[in-house]
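Residues 1 to 176 (UniProt numbering) are what the sequence shown spells out, left to right.
These aren't lab readings, by the way, just hints derived from the structure by calculation. Keep in mind that a hint or two might mislead.
[To be verified] Cross-link-like lysine to aspartate or glutamate pairs, in silico, DMTMM-like; alpha carbons within 25 Å at most: (1) 37 with 109; (2) 133 with 54; (3) 117 with 152; (4) 117 with 54; (5) 174 with 88; (6) 133 with 152; (7) 174 with 102; (8) 37 with 66.
[Said to hold, decoys possible] Here are the simulated distance ranges between beta carbons: (9) 65 with 165: 18 to 26 Å; (10) 117 with 14: 18 to 26 Å; (11) 142 with 36: 23 to 31 Å; (12) 153 with 25: 20 to 28 Å; (13) 10 with 114: 46 to 54 Å.
Note that the coordinates shown come from a computational prediction; the quantities given were computed from them, not determined experimentally. Ideal Cβ placement from N, Cα and C applies to all residues, glycine included.
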Amino acid sequence: MSEPSHTDPVAASLRQRFLEGMSLVAATVNVITTDGKAGRAGTTATAMSSVSADTPNPTLLVCINESSSLTPVLLGNGTFCVNVLKDDQSLVADVFAGMQRDTFADKFDCTQWQSGKFGQPVIAGSLVAFECKLVSHNQVGTHHVCIGEVIDTVLGDTGNSLIYASREYRTTVKPD
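I would like the entire structure built from these sequences, with the hints used as guidance.
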């Protein structure tokens with residue numbers, strides 16, 4: 001698949017409208033982490049989705065930018081954790097998105113952690129965390145689409161999801 005040239009005005013216009021349209025789509029804010037023989041790394045991502053609950057183990061997907069420091073480490077470790085953030089954890093999202101580089105020498109110092117059953121970094125107090133084994137990945141354009149087999153689910157404290165929509169953080173509101 002050839003990539004469109006950004007000098008082509010039609011392709012550039014479609015790309016810009018696509019990015020603008022995607023900015024309107026609300027998504028949970030997640031910190032994807034990994035730890036193992038290839039090292040420890042993490043990043044903030046909104047591109048996460050359930051794939052299937054009706055396989056021997058449930059599956060989900062995350063999309064990670066090729067240029068992210070997480071990509072080679074996650075692929076090398078073959079395991080990862082999707083930490084779904086609560087609405088009071090926007091600082092954690094900012095740190096793992098690289099927006100607080102001067103605040104913490106090690107971005108893992110921005111919050112409390114526990115080790116999951118399979119050794120993956122789980123954010124203490126996250127809404128939910130899914131420890132996964134990488135079962136496949138495919139590069140599409142600038143991103144790796146990583147399919148993970150869920151090997152453990154850690155349900156956190158109750159709370160509201162941290163959401164990103166219209167280029168800002170928001171929260172869900174539970175009905176009474």
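Hint check results:
no. : hint                    : verdict
1   : 37 with 109             : 21 Å, holds
2   : 133 with 54             : 17 Å, holds
3   : 117 with 152            : 7 Å, holds
4   : 117 with 54             : 22 Å, holds
5   : 174 with 88             : 15 Å, holds
6   : 133 with 152            : 10 Å, holds
7   : 174 with 102            : 35 Å, violated
8   : 37 with 66              : 20 Å, holds
9   : 65 with 165: 18 to 26 Å : 20 Å, holds
10  : 117 with 14: 18 to 26 Å : 44 Å, violated
11  : 142 with 36: 23 to 31 Å : 25 Å, holds
12  : 153 with 25: 20 to 28 Å : 25 Å, holds
13  : 10 with 114: 46 to 54 Å : 50 Å, holds
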